[in-house]
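Build the complex from these two chains, which are given one at a time in their own frames, with help from the hints.
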Amino acid sequence: MVTLGAIHWIYIVLVTVVIVTMAMRRDTVLPCIIGLFVVGMTWSGSRLKPSRLCSMP
Amino acid sequence: MIAAGNEFLGIIVVISLVVGMSKAMSETGIDALIAKPATKVMVNADVAFFVTGISMLIVSWFVWPSPAVALIGALITPVAVKAGLPVIGAAIAMNLFGHGLAMSNDWIIQGAPGVTAKGAGLADPMVIIKSGIPLFLVMGVVTITIAYIMLKRDMSANKDHYAQQALNYTAATTEVKEPSGAAKLMAALIPVAFIADVVAMLILDLKGGDATALIGGTALVIMSVIAMVEFKGESLEKITNYVRDGFVFGISVFAPVIVIGAFFFLGGEGTAKAILGENATGLLNDIGLFLSQNTPISAGPICFIQTIIGGITGLDGSGFSGLPLVGSLAQTFGTAINGDVGVLGALGQLSAIWVGGGTIIPWGIIPVAAICGVEPMELARRNFIPVIIGLIVTTIVAMFIV
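Quick note, the sequences are listed as chains C and H, same order.
Taking the working numbering, I'd label the letters of the first sequence as residues 1 to 57.
Taking the working numbering, I'd label the letters of the second sequence as residues 58 to 459.
Don't take every hint at face value.
Some but not every residue of chain H turned toward chain C, in silico, with C-beta under 8 Å [said to hold, decoys possible]: (1) L132; (2) V305; (3) P313; (4) A319; (5) L323; (6) G324; (7) L340; (8) D343; (9) F347; (10) F361; (11) I362; (12) I365; (13) M434.
Keep in mind that the hints were calculated from the coordinates and are not lab data.
Bear in mind the structure is a predicted one, so any value in this text is a computation, not a measurement.
Ideal Cβ placement from N, Cα and C applies to all residues, glycine included.
Only chain H is shown next, with the shape it has when bound in the complex (with noise of 0.2 Å):
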């Protein structure tokens, strides 16, 4: 557990500054302000939906998902809940169209088709994301709308238990003192600030961890800024309040996160060296292995199976850990099949991210569940079924193309 604890406690250091900031922010009024332009384009809760999504969507391409949940979070997600949405509904758009459309085909940056393709044997990840093309938008718009009719059911059947929520919400972030002048120069330089940072992303080549890590620290300025213009005197205690509120937020929501982690961490091979010792392998890779080992060579049975090892080496919570694993078996079934292999290279990866990069492993949502003050476990239930039906048709359709 002590070794899960180590994966996590970047983020939840992270996660923890970025909430410390957002309450500072709220006290002194200053999110009221940055939130006033985006409550225009936000009438109602579907377009706050869609919003959120495809904000997060568009940053997670240019610099990962991770970042870009500190980012939305912090700035967006106020906007979208004040507009109707619920919490819950803006977690699940944020993970849905971050850590699953977005990190599936990760076009931009390349990261997970690069590796998948080195495991291919493919010299170009290009071979992956354009075969991947129709996979992508099939398991996107299907899972996308699944979750959101499931989401709108919801919302209408506990219509007066969302309606009490959003008023505590807003009447929690609005008790505030007219804002000062110092508050509106505020208000005006943080988008600033978070734009340069998205700048300094693209320029400095930084993405997934080394972006997070400037994220936070950006929000530990800020919170710095915010308590020494607004309390001058009392600055030095106030920060020590948001610090403090900000971890135990943090801690609160990692605390089962660590224990459930540890489990699955046994079956990743980086981390299970690490919890058992030396000699530790993989249980999860060993497990997709000796599946392929004993498949059917057709095309049906070799999508649904590509589907579910990447979906097993997913169970970790690292997406990445199954590329290589997938991207060798796509190279042995689509050889084997004379079929595409970047078609079963994409169909694995699409697999391997959608469960593990991740949303539906309580372990890989729990960032933007703790941005959004959301249970990772409630966050997961939501995914779980539109994930898990979006992937078989994916399958199904990966039969036909392969």
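In isolation and in its complexed conformation, chain C is listed as follows (with noise of 0.2 Å):
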């Protein structure tokens, strides 16, 4: 049995926003920069340590 953490949530909601934006025939650029900062902000935070995504040369 699969259960879903905080993580997939917000990643659901920002999936749903690329989504929608792109339905509004809209650029999805911006969207997904917030998104990619918001995951690793939460699963870094989950871990306690940075991720790889932060600590990126």
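In structure tokens form, the structure reads like this:
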């Protein structure tokens, strides 16, 4: 049995935002940058150490 | 984003090389020579749309869509555009016929149905292919008809704009000197080289990435030969220019896609590991599994959930990543409702491939957009409505035959 954590719900919301943006015929780069940032933060926060996403050179 | 960039680098390089080659070809007038016979067949935009689409369909069945894009894009698309088809129309035709229709049943190479069948515990991929035929037909006819009608409407609404575009395109490609004897020879040899590529792919059993690489290599060789025979002493500098132009174009198309791809790669299992670290899980797969555990067991909801799960797992831009999941779900659901496992598997596969393989996800469709010179997002927006309507209609049909 798979249970969904906070990160899944956050991701679902962000994906919905991107798809709505696409349906409104606008560019999706900004929502994706925000999405990367939020998911990256949630992920590293839940592991209590910086992920590779944040520590990229 | 670096991880996403790495995922795309292979295709960026191939696209750039093909664009560089077509630059060299148009500067020497070779492209006009090659296009001449095809010009006779493509008398107007309607014929051009379907000729482009169907040649894409056939080539994609044999070697998968990505090498087909490079091939058709270099040889047939320029002719279609001269026949009055807007570049966006050519892109739509290539994308829907190749990445959608051809890839979603994939009956020659059997890559996609093979994976789905394995997930569903079926020994023979042909089961998926056979029981999926009505679904593939419905999906193809509905989607392509809607896309075509929308394109026609748009063409008559913006007639002036497209007329201007066609004019610019023709002007940009024909302001060349009289082709030399060497150019005529090259014009004969280039199609032969690409046909040899296709033959080599079939004999050596190359597909997907390897086949695309072969096309890229061929493009590089042709570009070099053109530069050498046409410009002789200057060829060293000329070729640098062609390569540079090709890569400038390639990167300018892919730049936004790398950002968007990075976000959606967070959801795919393999790519998430590369970005977030070893113990990352595929968010999109988790979501698909979660949905399947909370579905009422009867034909209607199950068909819809198969389509939705296929679509969700396709969002990471790889149509293939979701196939094992939809396959095993098809088996679970099929036994639960006493339905046809093959139909359910085919439905999930169709949805995963049309979405992720991809016709509406910008990072899945970039090769097509790049080779036609249109914005990937513009192409995705144009495909969005036809593909969604097609998926809904197909799902409803599936409910009755399952």
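Going down the list of hints, with the structure as the test:
1. L132: 31 Å, violated
2. V305: 20 Å, violated
3. P313: Holds, because the Cβ-Cβ distance from H/P313 to chain C comes to roughly 5 Å (cut-off 8 Å).
4. A319: 6 Å, holds
5. L323: 5 Å, holds
6. G324: With a minimum Cβ separation of about 6 Å from chain C (threshold 8 Å), the hint on H/G324 holds.
7. L340: 5 Å, holds
8. D343: 5 Å, holds
9. F347: OK, holds: H/F347 within 8 Å of chain C, min 5 Å.
10. F361: Given a least distance of 17 Å, the restraint on H/F361 is violated.
11. I362: Since the shortest Cβ distance to chain C is 15 Å, the answer is violated.
12. I365: 12 Å, violated
13. M434: With a minimum Cβ separation of about 6 Å from chain C (threshold 8 Å), the hint on H/M434 holds.
Hint check: violations occur at hints 1, 2, 10, 11 and 12; the rest are consistent with the structure.
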